[in-house]
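K.L.:
So the protein lines, in turn, are chains A and B. So in full-length UniProt numbering the end of the first sequence lands on 265, straight run, no missing numbers. So in full-length UniProt numbering the end of the second sequence lands on 585, straight run, no missing numbers.
Hints are computed from structural coordinates only; laboratory data are not their basis. Don't take every hint at face value.
[Stated by the list, open to error] Chain A regions said to be covered by chain B (calculated; three or more residues, Cβ under 8 Å):
1) 102-112
2) 160-173
[Stated by the list, open to error] Just so you have them, the derived chain A footprint on chain B, three or more residues with Cβ under 8 Å:
3) 72-79
4) 151-159
5) 392-405
Just so we're clear, the structure is a prediction, and the values are computed from it rather than from any experiment. All C-beta atoms in this analysis are idealised placements derived from N, C-alpha and C, irrespective of residue type, glycine included.
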Amino acid sequence: MNGLQDVCSSSGSVMIGLPAEEDENAALSSEDSSRPDESVSETELDLALGLSIGLKGRRKVRSSLSSSSSSSMTRESGTKRSADSSYAAASNATRQVAVGWPPLRTYRINSLVNQAKSLATEGGLSSDIQKDTVKNSVVAAKNDDVCFIKSTRTSMLVKVTMDGVIIGRKVDLNALDSYAALEKTLEQMFFQIPSPVTKSNTQGCKTIKETRASVLLDGSSEYIITYQDKDGDWMLVGDVPWQMFLGSVKRLRIMKHSNETGVGM
Amino acid sequence: MGLRLPSKVLEHILSFIDSNEDRNSVSLVCKSWFETERKTRKRVFVGNCYAVSPAAVAKRFPEMRSLTLKGKPHFADYNLVPDGWGGYAWPWIEAMAAKCPSLEEIRLKRMVVTDECLEKIAASFKDFEVLVLTSCEGFSTDGIAAIAATCRNLRVLELRECIVEDLGGDWLSYFPETSTSLVSLDFSCLDSEVKISDLERLVSRSPNLKSLKLNPAVTLDGLVSLLRRAPQLTELGTGSFAFQLKPEAFSKLSEAFSNCKQLQSLSGLWDVLPEYLPALYSVCPGLTSLNLSYATVRMPDLVELLRRCSKLQKLWVMDLIEDKGLEAVASYCKELRELRVFPSAPDLDEANIPLTEQGLVVVSKGCRKLESVLYFCVQFTNAALLTIARKRPNLKCFRLCVIEPFAPDYKTNEPLDKGFKAIAEGCKDLRRLSVSGLLSDKAFKYIGKHAKKVRMLSIAFAGDSDLMLHHLLSGCESLKKLEIRDCPFGDTALLEHAAKLETMRSLWMSSCFVSFGACKILSKKMPRLNVEVIDEHPPETRPESSPVERIYIYRTVAGPRMDTPEFVWTIHKNPEIGVSHLAIK
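Whenever a hint applies, use it, and build me the whole structure from the sequences.
P.N.:
Now the structure itself:
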């Protein structure tokens with residue numbers, strides 16, 4: 001088996017490592033897939049867009065298009081994308097200056113996030129997070145002498161794609177504690193315009209990237225967040241309790257409202 | 001043709017030459033020297049896996065025993081290189097399996113390694129002994145199991161900060177009962193718990209085991225039991241300390257450590273509480289390397305530990321050490337060669353740790369052998385940099401990260417130009433430099449002029465204009481790797497100094513103002529460079545003058561690569577075509 005050929009998106013396009021002639025079909029199919037006709041320009045992002053989650057009722061989202069061709073083809077590659085989301089979300093940073101700044105490796109940032117989390121939940125074993133931690137640990141079950149306060153170090157990285165954006169991302173759901181944090185993280189990832197940071201727009205190091213105001217729960221924004229669950233169905237994010245969501249989510253997709261069909265309305 | 005050394009004699013002479021730089025020079029002398037050299041080179045190093053084809057390397061060095069490869073650009077460590085960019089190990093493994101079956105060692109950094117790769121390694125190289133994967137991804141614990149199960153002479157298995165799909169701790173049980181050759185095992189980046197009894201047995205039957213780095217899932221009890229079985233360890237990475245121990249267990253831990261009389265390097269120490277530190281006191285006097293950068297211990301507990309480490313050469317720590325703690329280091333750790341201080345709270349809002357530039361100044365004054373520095377600090381001063389340069393002209397690696405972009409000297413409000421000038425001028429052996437803070441073009445004039453031996457230079461949020469880049473590319477004689485982010489210029493200087501780029505391994509520029517048009521011109525001018533544009537949008541859909549998001553330029557004899565993803569375009573040498581059709585999928 002050609003080791004370069006890793007996970008293929010369901011649109012069938014293979015991104016890497018094949019001879020040119022096979023690529024022709026791949027190129028066609030990837031262009032046919034969910035990329036919208038107009039390229040996403042900065043003006044589109046300038047519109048007051050937000051992400052809406054948690055619409056009423058549990059609905060399956062049947063998309064008329066195949067799942068968006070994701071550029072993140074290899075299974076666990078580039079999971080470092082999660083780093084800025086993890087530390088940004090965990091530290092409620094409105095002052096996140098730029099992607100990858102300060103220059104710390106993912107591994108280290110995740111460690112810091114986990115340490116911050118464990119300090120926050122140190123209060124008791126009664127919280128949900130601690131219960132999950134205890135479940136994950138064989139030690140606590142076996143050894144009565146040890147009071148287990150280990151922080152969850154496992155990261156739960158899921159792919160996130162957005163319609164019209166070819167560079168997919170990954171987000172560490174274990175570094176987030178709520179839908180609000182997820183929404184904020186995704187906004188920072190996808191709705192900030194990457195522009196060179198210059199002295200003139202720094203303003204003493206306040207937020208440099210423009211952020212769209214998030215529009216929660218009112219369904220007026222153009223984008224919705226969906227996820228693919230264990231059964232392969234696409235569901236609307238926000239309908240189930242957070243922990244339950246963590247248990248079934250496999251990947252995320254930010255869809256344009258117009259793409260979504262069959263959402264029991 | 002004059003006197004000619006018989007090739008046997010030459011071979012014998014070459015057997016004393018290890019350095020690849022020297023061997024490269026040897027191979028340029030004449031054809032017969034080239035031939036003799038290539039047939040005798042055992043350790044092959046390829047700094048950019050796309051600079052040359054695997055087949056060419058395999059063909060040239062048939063007696064290869066050790067292969068070291070690097071893949072992604074360094075800034076991939078900080079999320080600046082999107083998922084799927086490349087750096088695949090497979091073509092290399094495949095080529096080596098076919099041509100160099102005697103390969104014994106593979107070391108990969110920042111590459112995508114799949115389970116298939118690992119299985120292929122296990123199946124193809126009968127004498128395989130060493131696998132070191134640093135910052136790699138794409139594989140699961142199944143692949144590790146294949147290596148463990150099949151490589152009968154495995155000596156070294158190290159997974160350093162890799163992203164691994166963790167399917168459980170079973171992989172460890174795949175080491176056969178007959179395997180006794182292990183010298184080094186590092187699985188610190190894995191999450192799942194391994195069966196402690198399997199690990200105990202493995203350690204017990206590995207008398208040559210010198211280095212063991214556990215993952216956080218290994219408990220303190222487990223650690224004690226392992227230390228008892230391997231008192232000969234010289235390097236130890238502990239598991240997590242996040243357990244509340246009863247007093248008897250603490251004394252067992254203490255005793256286990258005190259029996260490790262050869263321990264020189266200590267790391268791990270996740271979540272270590274101050275109460276546990278005394279258990280380490282017995283090993284401190286022998287330690288040469290201590291990594292506390294995951295330990296949230298504060299002052300003064302840190303000092304109690306550090307003042308016992310008189311032989312310490314390498315210290316990694318968080319800013320929780322504060323200036324006070326660094327004073328202690330300066331007093332007690334006179335052998336210190338390398339210091340790294342990481343932030344404990346990367347978010348600027350929370351930065352209120354009393355660690356300032358004085359901490360680094362005091363270590364520079366007190367530790368005469370200091371040659372490598374990585375220091376994160378909120379702000380800095382020119383005066384501090386001048387003192388550091390004056391006191392430590394022997395610095396080889398100086399990486400300062402002033403966390404606040406564009407932060408000037410906070411006492412004088414000037415740029416840090418003078419300070420970095422002093423560093424470049426004073427530290428004549430400087431090989432690696434990272435600059436930060438407010439810097440004008442002038443700073444780079446000094447760096448270009450004086451930093452003659454700098455091979456790797458990292459720049460962020462700096463400079464005023466193309467002059468900055470012009471200074472660097474027209475100076476810095478030894479420059480091999482240049483990485484720049486968020487400096488809003490590029491075209492003019494790049495085109496003017498295109499030839500320089502061929503003397504370098506690579507250039508990375510992201511969030512700068514390098515236009516697509518300039519990329520095309522550059523690519524046409526320099527046939528032996530791959531000019532890669534990494535951008536959300538196809539470059540042709542935007543005006544020629546609009547900046548591309550990221551460019552990665554590297555010299556290569558392998559031509560444009562065939563494995564680019566959707567968002568990477570190798571600029572075609574023919575500017576009418578614009579981007580290589582090979583790269584568009």
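K.L.:
In ascending order, which of the hints set out earlier in this document are inconsistent with the structure?
P.N.:
4
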